[in-house]
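What follows is the residue order along each chain.
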Amino acid sequence: MFTRETLRAALLSLVFALAALAVWHFATVQPERAAAADDEYAQLMGRGVRKSDGFPTPAQLGEAVVQHLSRPFYDNGPNDKGVGIQLAYSLARVAGGFTLAILVAVPLGFLIGMSPLLNRALNPFIQVLKPISPLAWMPLALYTIKDSSVSGVFVIFICSLWPALINTAYGVASVRRDWLSVAKTLEVPPLRRAFRVILPAAAPTILTGMRISIGIAWLVIVAAEMLVGGTGIGYFVWNEWNNLNLTNVIFAILVIGVMGMILDFVFGRLQKLVTYVE
Amino acid sequence: MAFLEVQGLKKVFPGAAGRADTVVFEDIGFGIERGEFVCIIGHSGCGKTTILNVLAGLESPTDGVVIMDGREVAGPSLDRGVVFQGHALMPWLTVLKNVAFAVKSRWPDWTRDRIDAHARKYIAMVGLAGAEHKKPAELSGGMKQRVGIARAFAIQPKMLLLDEPFGALDALTRGTIQDELLRIVQATHQTVFMITHDVDEAILLADKILLMSNGPRALIAEVVENTMPRDRTRNTIFNDPQYYRIRNHLVDFLVNRSKLYQSGAGRDGDRHPPVLRPGLDEAEAPAAAPGRQGEPPPLAHKPAALVVNLR
Ligand SMILES: Nc1ncnc2c1ncn2[C@@H]1O[C@H](COP(=O)(O)OP(=O)(O)OP(=O)(O)O)[C@@H](O)[C@H]1O
Ligand SMILES: [Mg+2]
Numbered sequence: 310m311f312t313r314e315t316l317r318a319a320l321l322s323l324v325f326a327l328a329a330l331a332v333w334h335f336a337t338v339q340p341e342r343a344a345a346a347d348d349e350y351a352q353l354m355g356r357g358v359r360k361s362d363g364f365p366t367p368a369q370l371g372e373a374v375v376q377h378l379s380r381p382f383y384d385n386g387p388n389d390k391g392v393g394i395q396l397a398y399s400l401a402r403v404a405g406g407f408t409l410a411i412l413v414a415v416p417l418g419f420l421i422g423m424s425p426l427l428n429r430a431l432n433p434f435i436q437v438l439k440p441i442s443p444l445a446w447m448p449l450a451l452y453t454i455k456d457s458s459v460s461g462v463f464v465i466f467i468c469s470l471w472p473a474l475i476n477t478a479y480g481v482a483s484v485r486r487d488w489l490s491v492a493k494t495l496e497v498p499p500l501r502r503a504f505r506v507i508l509p510a511a512a513p514t515i516l517t518g519m520r521i522s523i524g525i526a527w528l529v530i531v532a533a534e535m536l537v538g539g540t541g542i543g544y545f546v547w548n549e550w551n552n553l554n555l556t557n558v559i560f561a562i563l564v565i566g567v568m569g570m571i572l573d574f575v576f577g578r579l580q581k582l583v584t585y586v587e
Numbered sequence: 101m102a103f104l105e106v107q108g109l110k111k112v113f114p115g116a117a118g119r120a121d122t123v124v125f126e127d128i129g130f131g132i133e134r135g136e137f138v139c140i141i142g143h144s145g146c147g148k149t150t151i152l153n154v155l156a157g158l159e160s161p162t163d164g165v166v167i168m169d170g171r172e173v174a175g176p177s178l179d180r181g182v183v184f185q186g187h188a189l190m191p192w193l194t195v196l197k198n199v200a201f202a203v204k205s206r207w208p209d210w211t212r213d214r215i216d217a218h219a220r221k222y223i224a225m226v227g228l229a230g231a232e233h234k235k236p237a238e239l240s241g242g243m244k245q246r247v248g249i250a251r252a253f254a255i256q257p258k259m260l261l262l263d264e265p266f267g268a269l270d271a272l273t274r275g276t277i278q279d280e281l282l283r284i285v286q287a288t289h290q291t292v293f294m295i296t297h298d299v300d301e302a303i304l305l306a307d308k309i310l311l312m313s314n315g316p317r318a319l320i321a322e323v324v325e326n327t328m329p330r331d332r333t334r335n336t337i338f339n340d341p342q343y344y345r346i347r348n349h350l351v352d353f354l355v356n357r358s359k360l361y362q363s364g365a366g367r368d369g370d371r372h373p374p375v376l377r378p379g380l381d382e383a384e385a386p387a388a389a390p391g392r393q394g395e396p397p398p399l400a401h402k403p404a405a406l407v408v409n410l411r
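So the sequences go chain by chain: A and B.
For the first sequence, this note's numbering assigns the number 310 to the initial residue and increments by one for each residue that follows.
For the second sequence, this note's numbering assigns the number 101 to the initial residue and increments by one for each residue that follows.
None of these hints come from the bench; they were simulated from the model.
Check before you lean on any hint, since a few could be wrong.
Stated by the list, open to error - Derived EDC-like pairs: lysine to aspartate or glutamate, alpha-carbon spacing no greater than 16 Å straight-line: (1) B:Lys258 with A:Glu496; (2) A:Lys493 with B:Glu136; (3) B:Lys258 with B:Glu133; (4) B:Lys235 with A:Glu496; (5) B:Lys197 with B:Glu172; (6) A:Lys493 with B:Glu159; (7) B:Lys197 with B:Glu238; (8) B:Lys221 with B:Glu238; (9) B:Lys308 with B:Asp298; (10) B:Lys308 with B:Glu133; (11) B:Lys308 with B:Glu136; (12) B:Lys258 with B:Glu136; (13) B:Lys308 with B:Glu105; (14) B:Lys258 with B:Glu172; (15) B:Lys234 with A:Glu587.
As the list claims (entries may be wrong) - Away from chain A, derived, C-beta distances all over 10 Å, residues of chain B: (16) Val123; (17) Met190; (18) Arg212; (19) Thr327.
Ideal Cβ positions, reconstructed from N, Cα and C, are used throughout, including at glycine.
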């Protein structure tokens, strides 16, 4: 499990990280200055972190990380919430939109995959709708739904739908004929065939679609929240940019990356769980 | 009327755009008695799998009927167990679950314990006791094929259809499983229709061997009755002079005569093909088959005997 190779790779990763930090440090570190005014400004802004001119140093980021992580869930009104709370808002929207998308995509994909007629009839619509940037739906969503938070969920729904739908249809359509023949000769009724033969056979492909969907959803939620504001990690980034607090922006970027990695990891695990060796 | 009656069977696959349709076979007629083991031999692509699919009900014939046990075959049925060429096990299920899936389909009302016990019995029958919880990917080719056989037997069908079940196996493994199949079939008096391309396998297992001419427009040219004693085994079969007579007849058909039917020569309408007993009534060789009869082709001593002697 823990082979020489992985150990060496880990060491090398560490070296790369340290090198990057060093470059960053020497590129941004400035001679110490009297920072009284800055401190006052920072106080005004309601942030403990010292605001510096220019790009933050690794040390400043480290400070910010410690500070945010020690108080992730505080709530001082609409423009000052802990990063944990913002993250929770984003995750809740992604979870809502994604779940709805799966609830639609998997059954519909099943039908499309089983029926060549339906496949051909719906294909033009899918081909036209698929390449539309999910954010392009935002005005329509805001106009009809009239709630920014729900609109965010809707955008996530739209962007999660296509990969899950297309992969489900493909997975169902390419179930091996042999297995279907087995089911036929055993006179397996349609529902049992769907759940006991087609679903497990197509599950790896379906989960691939879901994994792509959740990845896209996480990309889109940040942009969507920047657009509609209010809450969420995307709004947090936008807000800190308006505060000119680059340290917090970088911290948020880091959080977004780590969260995306965790989501991908979880779906990778699920995928492994349903994958079979032929 | 035989247990399984096939009459005037014809299958046409529509040609791709602009091309002519292919008549795979026509005027196919034969019968299988209850408890009989019938093999069909023919060159690749002549339509053996298509016939089996029609018998299974997976494919509908263009013309003709299949009647089993007095009723017309109109679709797949639990009455006919199929062992597929590529084993067709579900790779996400264990051996036990694969067989249990079939058992549950046959007897939906059984309890789980009863289903498992029944499945285990058939897994043990093919010599795989102990491998119940393995996935197909962890099994050798021969073991997978045996699970396929266990699955087909477990539903206790009225008839078994086997599509080159041992095609992908090495000679030693094939021999072992042939013995097992023979033992099980004799114990259960199962009616079997089996495709093979191995002449020795057909002589060992079959009571009756259908010889299929080359396609397109293939037909069953002859039915060869196996006149060797039923208690034959792989070890004794080579000591019987009758074995060589049958073998020579089959090889002669495959090498020389199978292609002569193509043009329509030797076709004599919709009726059952002539039944032959090589070595015993050579004189009654079909007038319709214009091949050489008398001298055996030079293939009489195939080294397959060596393989058998190893065991
Ligand atoms: N779905 C199909 N559409 C068109 N032609 C087909 C189809 N299935 C089979 N054929 C044709 O029918 C003929 C017989 O095929 P079949 O699979 O029955 O042959 P076979 O005797 O089983 O051959 P083999 O010994 O190689 O398995 C072949 O020429 C094949 O090209
Ligand atoms: Mg075949």
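Hint by hint, here is what the structure shows:
Restraint check for lysine 258 of chain B and glutamate 496 of chain A: the C-alpha separation of about 15 Å stays at or below 16 Å, so the hint holds. Distance hint between lysine 493 of chain A and glutamate 136 of chain B is unfulfilled; the C-alpha atoms sit about 25 Å from each other, more than 16 Å. Of the supplied pair hints, the one linking lysine 258 of chain B and glutamate 133 of chain B holds, its CA atoms being roughly 12 Å apart against a limit of 16 Å. Under the criterion of a C-alpha separation no larger than 16 Å, the hint pairing lysine 235 of chain B with glutamate 496 of chain A is inconsistent with the structure, at around 24 Å.
Between lysine 197 of chain B and glutamate 172 of chain B, the direct Cα distance comes to roughly 32 Å. Violation of the 16 Å bound is thereby established for this hinted pair. Straight-line distance between C-alpha atoms of lysine 493 of chain A and glutamate 159 of chain B comes to about 11 Å, which keeps the hinted pair within the 16 Å bound. Of the supplied pair hints, the one linking lysine 197 of chain B and glutamate 238 of chain B holds, its CA atoms being roughly 14 Å apart against a limit of 16 Å. A distance of roughly 21 Å separates the Cα atoms of lysine 221 of chain B and glutamate 238 of chain B; the hinted pair therefore is violated under the 16 Å criterion.
Proposed proximity of lysine 308 of chain B and aspartate 298 of chain B is supported: the alpha carbons are some 14 Å apart, at most 16 Å. For the given pair, lysine 308 of chain B sits about 10 Å from glutamate 133 of chain B by alpha-carbon distance, which is consistent with the 16 Å threshold. At roughly 8 Å between alpha-carbon atoms, lysine 308 of chain B and glutamate 136 of chain B fall within 16 Å of each other, so this suggested pair holds. At most 16 Å may separate the alpha-carbon atoms for a hinted pair to count; lysine 258 of chain B and glutamate 136 of chain B meet this at roughly 12 Å.
A threshold of 16 Å between alpha carbons decides the hint, and for lysine 308 of chain B with glutamate 105 of chain B the separation of about 15 Å falls inside it, so the pair holds. A threshold of 16 Å between alpha carbons decides the hint, and for lysine 258 of chain B with glutamate 172 of chain B the separation of about 14 Å falls inside it, so the pair holds. Distance hint between lysine 234 of chain B and glutamate 587 of chain A is fulfilled; the C-alpha atoms sit about 13 Å from each other, no more than 16 Å. Interface exclusion of valine 123 of chain B from chain A stands, the closest Cβ pair being 23 Å apart, more than 10 Å.
Consistency note on methionine 190 of chain B: stated as away from chain A, yet its beta-carbon is not over 10 Å from all of that chain's, at 6 Å minimum. Chain A leaves arginine 212 of chain B outside its interface by the beta-carbon criterion, the shortest separation being 15 Å against a cut-off of 10 Å. The Cβ of threonine 327 of chain B lies farther than 10 Å from every Cβ of chain A, with a closest approach of about 33 Å, so its non-interface assignment holds.
Checked against the numbered hints given earlier, this structure breaks hints 2, 4, 5, 8 and 17; the rest are met.
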